[in-house]
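Line order of the protein sequences matches chains B and X. So the number in our numbering is just where the residue sits in the first sequence, counting from 1, plus 2. So the number in our numbering is just where the residue sits in the second sequence, counting from 1, plus 4.
Just so you know, the hints here were simulated from the structure itself, not pulled from any lab data. Note that beta-carbon positions come from the ideal geometry of N, C-alpha and C, so glycine has one too. It is possible that part of the hints are untrue.
[What the hints assert, rightly or not] Pairs of lysine-lysine residues, derived as DSS-like cross-links and limited to a Cα-Cα distance of at most 25 Å, are as follows:
no.: 1; chain 1: B; residue 1: 420; chain 2: X; residue 2: 117
no.: 2; chain 1: X; residue 1: 84; chain 2: X; residue 2: 109
no.: 3; chain 1: B; residue 1: 420; chain 2: X; residue 2: 23
no.: 4; chain 1: X; residue 1: 53; chain 2: X; residue 2: 86
no.: 5; chain 1: X; residue 1: 117; chain 2: X; residue 2: 53
no.: 6; chain 1: B; residue 1: 36; chain 2: B; residue 2: 416
no.: 7; chain 1: X; residue 1: 23; chain 2: B; residue 2: 414
no.: 8; chain 1: X; residue 1: 29; chain 2: X; residue 2: 142
no.: 9; chain 1: X; residue 1: 86; chain 2: X; residue 2: 23
no.: 10; chain 1: B; residue 1: 416; chain 2: X; residue 2: 23
no.: 11; chain 1: X; residue 1: 84; chain 2: X; residue 2: 29
no.: 12; chain 1: X; residue 1: 53; chain 2: X; residue 2: 93
[Stated by the list, open to error] Reference listing, derived: stretches of chain B covered by chain X, where coverage requires no fewer than 3 residues with Cβ under 8 Å from a Cβ of chain X:
no.: 13; region: 348–359
no.: 14; region: 365–375
no.: 15; region: 379–389
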Amino acid sequence: MIGAAQNLRVEQSGFDVERVRADFPALHQMVHGKPLVYLDSAATSQKPRAVIEAAVKFYSSDNANVHRGVHALSERATEAYEAARVKIQRFIRALKSREIVFVKGTTEAINLVAHSFVRPRLQAGDEILISAMEHHSNIVPWQLLCEEKGAKLRVAPINEQGELLLPELEALLGPRTRLLALAHVSNALGTINPVRRIVEMAHRHSVPVLLDGAQAVPHLPVDVQALDCDFYAFSGHKAFGPTGIGVLYAKEKWLEEMPPYQGGGDMILSVTFEKTIFNALPYKFEAGTPNVEGAIGLGVAIDYLNGLAVEERLEFERELLAHGTRVLNQIPGLRLIGTAADKAGVLSFVLADIHPHDIGTILDGEGIAVRTGHHCAQPLMRRFGVDATVRASLAFYNTPQELDRLGVALQKVKEIFK
Amino acid sequence: MNSDLRDLYQEVVLDHCRKPRNFGKLEGANRSAEGFNPLCGDRISVYVKLQQGAIEDIRFEGSGCAISKASASLMTGALKGKRMEEAEKLFHEFHLLVTEGPNEKIDPADLGKLVALSGVWEFPARVKCASLAWHTMKSALSDGGGTVTTEDPATV
Numbered sequence: 003m004i005g006a007a008q009n010l011r012v013e014q015s016g017f018d019v020e021r022v023r024a025d026f027p028a029l030h031q032m033v034h035g036k037p038l039v040y041l042d043s044a045a046t047s048q049k050p051r052a053v054i055e056a057a058v059k060f061y062s063s064d065n066a067n068v069h070r071g072v073h074a075l076s077e078r079a080t081e082a083y084e085a086a087r088v089k090i091q092r093f094i095r096a097l098k099s100r101e102i103v104f105v106k107g108t109t110e111a112i113n114l115v116a117h118s119f120v121r122p123r124l125q126a127g128d129e130i131l132i133s134a135m136e137h138h139s140n141i142v143p144w145q146l147l148c149e150e151k152g153a154k155l156r157v158a159p160i161n162e163q164g165e166l167l168l169p170e171l172e173a174l175l176g177p178r179t180r181l182l183a184l185a186h187v188s189n190a191l192g193t194i195n196p197v198r199r200i201v202e203m204a205h206r207h208s209v210p211v212l213l214d215g216a217q218a219v220p221h222l223p224v225d226v227q228a229l230d231c232d233f234y235a236f237s238g239h240k241a242f243g244p245t246g247i248g249v250l251y252a253k254e255k256w257l258e259e260m261p262p263y264q265g266g267g268d269m270i271l272s273v274t275f276e277k278t279i280f281n282a283l284p285y286k287f288e289a290g291t292p293n294v295e296g297a298i299g300l301g302v303a304i305d306y307l308n309g310l311a312v313e314e315r316l317e318f319e320r321e322l323l324a325h326g327t328r329v330l331n332q333i334p335g336l337r338l339i340g341t342a343a344d345k346a347g348v349l350s351f352v353l354a355d356i357h358p359h360d361i362g363t364i365l366d367g368e369g370i371a372v373r374t375g376h377h378c379a380q381p382l383m384r385r386f387g388v389d390a391t392v393r394a395s396l397a398f399y400n401t402p403q404e405l406d407r408l409g410v411a412l413q414k415v416k417e418i419f420k
Numbered sequence: 005m006n007s008d009l010r011d012l013y014q015e016v017v018l019d020h021c022r023k024p025r026n027f028g029k030l031e032g033a034n035r036s037a038e039g040f041n042p043l044c045g046d047r048i049s050v051y052v053k054l055q056q057g058a059i060e061d062i063r064f065e066g067s068g069c070a071i072s073k074a075s076a077s078l079m080t081g082a083l084k085g086k087r088m089e090e091a092e093k094l095f096h097e098f099h100l101l102v103t104e105g106p107n108e109k110i111d112p113a114d115l116g117k118l119v120a121l122s123g124v125w126e127f128p129a130r131v132k133c134a135s136l137a138w139h140t141m142k143s144a145l146s147d148g149g150g151t152v153t154t155e156d157p158a159t160v
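I would like the entire structure built from these sequences, with the hints used as guidance.
Now the structure itself:
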């Protein structure tokens, strides 16, 4: 059994996965009579108890609207909400907390940039550059905008391993390119893009860069100043926080120039029927009552991540991915989609001619949760000549034994469809 | 394999998935429609040769999971030679079978081999796989074509 031998190595990484698992209540349940193996963290991560309790605490004792009341509850809610913003600022190493805008999620963050940053500067004949491995949320907003303005969406190609072709990408950065929008980590392939080099490259051509960090933040330390990206978007729920909360980081100079995204309460200083004066950053972009509990919960998720030794966690995740890759590569007829040298947390595959939906249903019967389908990346699926894949996605609360169970269950799938 | 899964992947289903019957384009078809499940990318085309209100021949082609392929294959077998009203009735009974499971509203004699799909209702996420071919067939007969998708609220 390869499993047993490799487990030793994983345990030697010094990361106590059993202790970590104890913090995630949802992991400890039976599904169809078998212990749950949750391999769908790229769709959404499970939440540590602290995050769940933070929501209960907020609604039990501090619930109030923010930035409005002078009463004690409103002050507590506002303080917790703004403290979360500062936690996020430090977590992604932003220079200022006013560069952190709370949004619903990555999708809204990208739409905000499309609406308030790119639209005013986009003219007919201009170009927006993305890559072949983008999630629909980093394709469709740009497509809509290009259609509206008569601009052109350009797509940087990838190789068979699912890695960006950097010379080809650079060749597409031209005088008409108004933005490069790129995944930091691919949701369907797991490829980690060399974003620091790419940002530098784009800036040499005076092209601002938006990074979709939805799949990166749960796995990698992010330093937006070191990356020098202009925009960085991510979601709370993929990073062990609540759903319905996300973050747009943007350089202050851009936020200052950008018009508001939505109009409403909280984003104004004064309103008359003749004119409205907008509020300061970041409130200019946070119209309406925000997801207060979500922001606080995301702050708690970040506290939780900060409490784990980062080097040990990263090493454990690398070992886990390597172990999963070995397990899957031993299954005849299995083809991994996405074999980049630099990868995080995703094992996407097809198995002989068995449809991923059938595999997903049978795995579910074994208590194993995976995602099947196109992963909101249909152009990418076409690039690899498949309609769909099975995606097992990992987090630091998964174990090598769980991946062994995936291997055994896939043998069963083959038995059924032999 | 647990018993629900055994009910879903019955031998008949696996057999029709491996060797789909009536697969391929139908020469001389006068009705056709395309069905699409955007959630999983499954695509199916149904071709019908309709003569004086009866389905003289019916074939399908496309790609999809075992459930959608077997369902399409079994459907073509069940509908060949049926009159349009009979096809309509069978559509209704099949729909009940995959959404509610076997019950007194369905005449087992009508279902025939389609009974192999009686395990589907236990898997709500798979109902659309089983019903895609049928909705496509219905569109071919009633509207004379067009594309149906499983995400239309009318097509459950």
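Exercise. What are the numbers of the hints that this structure violates, sorted from low to high?
Worked result: none
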